Amino acid sequence: MSKHRKRKRGKRFKRRVPAGAPPGTLVSAPDASPSTVRAVAYGPEQVVEKQIADLAQVLELKGKHPVLWVDVVGLGDVKLLERLGEIFGLHRLALEDVINTHQRPKAEEYPEHLFIVAREVLARESILAEQFSLFVGRDFVLTFQEHQDDALNPIRERLRQGGSLVRRLGPDYLTYSILDALIDAYFPVLEMLGEQIENLEIEVVEKSPPDVPAHIQHLKHELLSLRRAVWPLREAVNKLIRDPHPAIGTEARLYFRDCYDHLVQIADFIETDRDQVGSLMELYLSAVSQRMNEVMKVLTIISTIFIPLSFIAGVYGMNFSHDDSPLNMPELYWYWGYPFALLLMFGVAAAMLYFFWRRGWLIALKPGPRPDPNGAADPPGA
Amino acid sequence: MSKHRKRKRGKRFKRRVPAGAPPGTLVSAPDASPSTVRAVAYGPEQVVEKQIADLAQVLELKGKHPVLWVDVVGLGDVKLLERLGEIFGLHRLALEDVINTHQRPKAEEYPEHLFIVAREVLARESILAEQFSLFVGRDFVLTFQEHQDDALNPIRERLRQGGSLVRRLGPDYLTYSILDALIDAYFPVLEMLGEQIENLEIEVVEKSPPDVPAHIQHLKHELLSLRRAVWPLREAVNKLIRDPHPAIGTEARLYFRDCYDHLVQIADFIETDRDQVGSLMELYLSAVSQRMNEVMKVLTIISTIFIPLSFIAGVYGMNFSHDDSPLNMPELYWYWGYPFALLLMFGVAAAMLYFFWRRGWLIALKPGPRPDPNGAADPPGA
Amino acid sequence: MSKHRKRKRGKRFKRRVPAGAPPGTLVSAPDASPSTVRAVAYGPEQVVEKQIADLAQVLELKGKHPVLWVDVVGLGDVKLLERLGEIFGLHRLALEDVINTHQRPKAEEYPEHLFIVAREVLARESILAEQFSLFVGRDFVLTFQEHQDDALNPIRERLRQGGSLVRRLGPDYLTYSILDALIDAYFPVLEMLGEQIENLEIEVVEKSPPDVPAHIQHLKHELLSLRRAVWPLREAVNKLIRDPHPAIGTEARLYFRDCYDHLVQIADFIETDRDQVGSLMELYLSAVSQRMNEVMKVLTIISTIFIPLSFIAGVYGMNFSHDDSPLNMPELYWYWGYPFALLLMFGVAAAMLYFFWRRGWLIALKPGPRPDPNGAADPPGA
Amino acid sequence: MSKHRKRKRGKRFKRRVPAGAPPGTLVSAPDASPSTVRAVAYGPEQVVEKQIADLAQVLELKGKHPVLWVDVVGLGDVKLLERLGEIFGLHRLALEDVINTHQRPKAEEYPEHLFIVAREVLARESILAEQFSLFVGRDFVLTFQEHQDDALNPIRERLRQGGSLVRRLGPDYLTYSILDALIDAYFPVLEMLGEQIENLEIEVVEKSPPDVPAHIQHLKHELLSLRRAVWPLREAVNKLIRDPHPAIGTEARLYFRDCYDHLVQIADFIETDRDQVGSLMELYLSAVSQRMNEVMKVLTIISTIFIPLSFIAGVYGMNFSHDDSPLNMPELYWYWGYPFALLLMFGVAAAMLYFFWRRGWLIALKPGPRPDPNGAADPPGA
Amino acid sequence: MSKHRKRKRGKRFKRRVPAGAPPGTLVSAPDASPSTVRAVAYGPEQVVEKQIADLAQVLELKGKHPVLWVDVVGLGDVKLLERLGEIFGLHRLALEDVINTHQRPKAEEYPEHLFIVAREVLARESILAEQFSLFVGRDFVLTFQEHQDDALNPIRERLRQGGSLVRRLGPDYLTYSILDALIDAYFPVLEMLGEQIENLEIEVVEKSPPDVPAHIQHLKHELLSLRRAVWPLREAVNKLIRDPHPAIGTEARLYFRDCYDHLVQIADFIETDRDQVGSLMELYLSAVSQRMNEVMKVLTIISTIFIPLSFIAGVYGMNFSHDDSPLNMPELYWYWGYPFALLLMFGVAAAMLYFFWRRGWLIALKPGPRPDPNGAADPPGA
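Residue numbers (this note's numbering), protein chains in the order written: chain F, 694 to 1075; chain P, 694 to 1075; chain L, 694 to 1075; chain S, 694 to 1075; chain B, 694 to 1075.
If you're looking for bench data, these hints aren't it; they were derived computationally from the structure.
Do not take every clue at face value.
Where chains are identical, the list cannot tell them apart; a pair therefore holds if satisfied intra-copy or between any two copies.
[Unchecked claim] As a list, the in silico DSS-like pairs of lysine-lysine whose alpha-carbon atoms are at most 25 Å apart: (1) K932 with K755; (2) K932 with K743; (3) K913 with K900; (4) K990 with K772; (5) K743 with K757; (6) K900 with K757; (7) K743 with K772.
Bear in mind the structure is a predicted one, so any value in this text is a computation, not a measurement.
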């Protein structure tokens, strides 16, 4: 599994373009999927949906309908991307960012189009998001995904329905719908993480198993990568609202504000979770050290009680010769000598136990009810 | 109880609208209470109060009086909400936020109305706040609560009184009065939390019971959720003051500044409390480790004193044959042998105790007066 | 003493106005002192000083002199305050803040007057500051104190002297003089706190008594409450300098900048002290754990040396029968057996001590000179 | 190796100019390499490349071609630098910064030219970057490197190719190309650091060797120095984009935005790595303390089991005289006495082991499967 | 030495002006040095240098030359300062700040002059800086130092030289030169601190002596006081650059930017050092605890090995009567009994050692090569 992470990390950094190459050089990743293209051209009256085999088909559709949405899945075919770039007049630097799939989410304005990068969370498998790139112009939307994903299917479904809002409005509303679908996918992931955190918290309080720090470390990684996906996107969407690009109509601003609102909410949840995970480590360390202290205390108390007893036994095991002096260990020759010695030992042990009990050191020996993290929540006055 | 928290959390995230559904789709929560509607229409001269059974009654009242306040309790009746939306021209995105009760507090401007979301603290039961949504337009105020609550009753009372300020002024002043009532409800909750923190601090210093970390963790949760309720509302109110919406008259600005002031104060208290709770954990860990150290020291000192004594006893328990050599343990055959051995042991023990006492290690054995966290406050020179 | 703190806290939150009451409702604190009023009316030529029994006297003085200063001590008489509010045209919301003495320091602009809240530090008794409220208008200054205090006496003295600056200038300069006097009172308090911190630091390094964490916690509280008194006031004064209210002449700006400068300095000292107190806890924990480690090491070394010796004694205490076999413990029957055994024990102890000494574990046994926190400051090369 | 670091640090601070000397005094570092100069003059049609022996050659090239790039390697020849400064009209303060190679990255505007300082990462040897200074004017670019480096060779190669973008555009695009090459060199270094961090994390979880804290400390140093190289450069590039200097054409802005984007990405990775390294220390301390606790527990359990057994043996080693009383240790004279004693010991040991096992204290004795930091990532429900 | 610090602290706060005194009251410190005055009047052609005994001499020089620099050393003579204030038209609030030498660095604009406060670092003795005050007007510069210092001598030297830049330019350039000299004095101090930190780090890793926390605490104090000297000055210089006072010509702006640059660099170094010192404490605690753990482990292992051996010896020291039963300790009467017992003990010890070795607990017993904090820097792949 550590191999898996290394792969991800390596991928994060790999710049496939040789250092010093002119900017805008397009080199596809060796493990990129082959590209497939789907186009939907629509307006209030009509909708045409096509699986594209030859980009000439795209050229044909372009300009014929109010909105043309071209969806590319798989980034393996560099030539196809270059061709698309030419058809829609995309800037080479933006195209380079589409292929190098380690971009931070961002919204970059170019004179003819707006370029948006987001991260798509795939709930089914792993939390780390894949790159989702989107171009929006006057009459087109281009989307680029690394792998096939079902998140956009409901949008396609709505496009097919006659009177839907998305059919009546332009490419800006389509852009919003797509972003909204991507953002909505974060909520179940957050819910899952939240549950993991709570389970971990319960585990920490009840058993503090030794793999907790590694688990916490892992959750921190997850939250950090989510954070790195959400925060820059939030900033980018905010920028779009504050000074909008011509490709975003004033009507669509309200909808982008809704997007922004969701992103703020998600960012908020992530921060709360990070905070909570951070204090989990503290809770864990405190629980472990308390448990350890308990063990050591019990063990040490046992030793401490027996050591004086052993001393007494040692004393009466000495070989002083009673024959040479009546002062030498007369106890050994008393009638009640042995019972007296046993009683002495018993008495010492009892006295020590009483002393320990008085000081409250024996409390930990009773495995009382575990502290309940939630029960503690009851206000004292309740 | 942990079940209760899971419910809340789950609720936090549950988006009842299926992912990919068109924005503005209204789906009520399965556990939402049925909706009841109350309307108060008033002006300086007149006040009409009605329990609404049919929304036609609302239409009748609308526009007849300077201010119409419609108060909806329970969000279970989606149709009713949609109808209200049509009557007052509310935006669907805002209506969606009314139903999805996990919104952050915010103030959103729409062309025809202002939409405010706040969180209502219910002191009687739990700290986590329910969502309170409010629309304010030219001549109306709409409020949406999850459950029936008495916080607004004093305002209704004042509306019924003839010459009151709220009767003379418009919907902006009513909005302020409602927000003020919601915000005022935070103070007793903060007071309760403050008392809990202080009790916990006293407990930490005096007894450091093992459930302190869980209690601290819980208080952190509470403060965090309060913070998440107060901070965004503060920002929203501040925004309203800085560039006010047409629905907020310039006269009402002074009053909203008062609201803002209270929110700053509350935020301030929350931060102070968070700070204090944070350093409580430190205090607790230090107290626990000190207590543990004391125990270990006492036990180890007992062992350390008896181990050399046992050694002496062990030496005189050896079986070297005095018969074979006068050098073999002549002490065993002395007249004062046994008393000498006992004195030797006593002397060793006394010497060690003296040594420990000189080094100050026996101080902890005397259970002296507990350190008083407040007594320590006296300036040394006082 | 913990009672005392609870009282303060409680006071902090108590909003005497019943929740939901119309804003601006004046309800005095049950423990508020009765109000006494003193007025000073002055100009470059003349000064009139009066103890006011009836507010009609104030009305008489108003408008007759360039500046009228009314000083109210004790906030128990609500009617008197309401009357004053009417006379000077004070806003009800501001008056409410005067009575609810848990306000953050602030400067609020009203059309006719400027309302400033500060916190007065009373060096003689406790650090927590009382509320000091001040209204300044075209030709008047109103001040409200909770209890009688001598901090303003020097200003009164200067007002009585003919040619003093304060006599020549307007209410803005009087406001500055009063603020300056309040701020100057923070310096001796900071000095006292600084001394406490240093004494505590010396104590930590030298003895680390167990009440240090509670003392640190207390100092943190003090610094926090000072911080909460100083920071908002700094912001408020800064706001007054940046865009001044008509009641503050341009001439007086230089003086308010001096105020601001002092507040920045105080805030700076507080931050430094907070930083220092924060690292004191670290220092303390390190000192305690080191001291504990020393103790445990000494005790464990003693045990460790004696355990092998006891083992040797145990071996020669075994009862193997030499009669049945010449191999059974022949040492017991040697001529030099007992001296040999003693020597063996001595040798083992010496070898272990040497081993421990070589590893540097005996160093802690010599109570060498204590580390000097200041001596360490000498640069190594000095 | 610590010597190496000291050298670097010393270098960081050494200001070779005697304190109080007039500003702009040029004094070369004693260990600076001798200077070699290379010039490339080019335009869309032509390119001239020369190794410069005499600066007169530079004067000849100046103004003859659209762009003149002079590349100086080695900062040992102060006279040459002064001469270049005169030829291109460079400000003395900027020249001083070229020689004092401890500058923070920055972009300084002068009326006639723009002065950029960056830090060049040399992947081959050490992470700490050397200073790279660059002047860009209307028709020239001057670069100053401390040592020969191959990072700029690909740019020279592209300059030699006829139709390349860099040939067609001006000195601003050349500046961008150079900065881009410098920035690209950070990625492999970050990848290397990322791998080190991951290896360290695996090591911490699996073995927690004692050199981890030193390693972590070292990684922190590295990341800190990278941070100090990247953050100011990011700010400088951002400033260039926001209000560009006349030497940077509007066309080139898009390219500088790309630079900025990369720097934001690098800064992001560095922060993530710092975060991760920070929590590694926590993880390490937790792992070490757990490991230690395990050891102590096992050892203490062994002691605790044997101490009561030794006590029993001690009891039956006592010498109470059976001859003088039938009560004195009759067990010693039983037929089954010895087997009974052994069974008693065995029973006590078994009871204690059972007690320890019931409390879960023996779990640590089984060296079970190590916690897997990644395995822990699997969602509980998976 | 702690006395020395107390003195400094006390000085920091002492406001010699009685609380409530009118602002601008000048009261000299009781330990202030007597004042001596030196004047240099110069222009491009001429330079006049005079030791001033009577301020009439200053009046004579004033206005006769383009620049008049009056340098006052020692702040004991209040009358002289008041006189100077009258001659040059200095504001009383600024003069008060000159005498109260606990000002934060700042730049205050007055209509007729600019007032700058900086802190002068004296490398020879202690790090804490003395106050350096400077007034700059149209044709004069006034400087006030607490004690005689040589830092400004090189500037005087340059003034005496005919063609130097400082002679040709105005009081703004002289101001820059003085500030530059003050700032340059920080670099050797930073170098010294950096060396101390590195030595401390080496010490921590190698020996972790117990005075490290106190040393770290002291370094934190030093860095904090440096920080408090540098940061506000940086802000002040930045303010001078952004909107310059009429006393600062546009030409001099470039030079002040150079000052700012140096201050940013110094602030940067201080932050890095603070960061490093902060993590030193962590490193130290980890080293100490590791060292302690090692000691405890070794000691505990020794005990643990001998306790079972002692038990065996105890068993064979029991006095079960073989005469009464053949089952009672027959081993004691075997021919090979004693060798068997010794072998058994040896075997148990060997088995335990093997068990401990297998678990890796004996590694710490070999004092292997110390971890090298720098060696660890080598990339694993190197």
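Going down the list of hints, with the structure as the test:
1. K932 with K755: neither (29 Å within a copy, 39 Å between copies)
2. K932 with K743: Close neither inside one copy (34 Å) nor across copies (46 Å); limit 25 Å.
3. K913 with K900: Cα proximity of K913 and K900: in one copy and across copies (21 Å, 22 Å).
4. K990 with K772: neither (72 Å within a copy, 65 Å between copies)
5. K743 with K757: Classified as within; 14 Å inside a copy, 56 Å across copies.
6. K900 with K757: For K900 and K757, neither the intra-copy (66 Å) nor the inter-copy (66 Å) Cα distance is at most 25 Å.
7. K743 with K772: Within one copy only: 20 Å inside a chain, 39 Å across chains, cut-off 25 Å.
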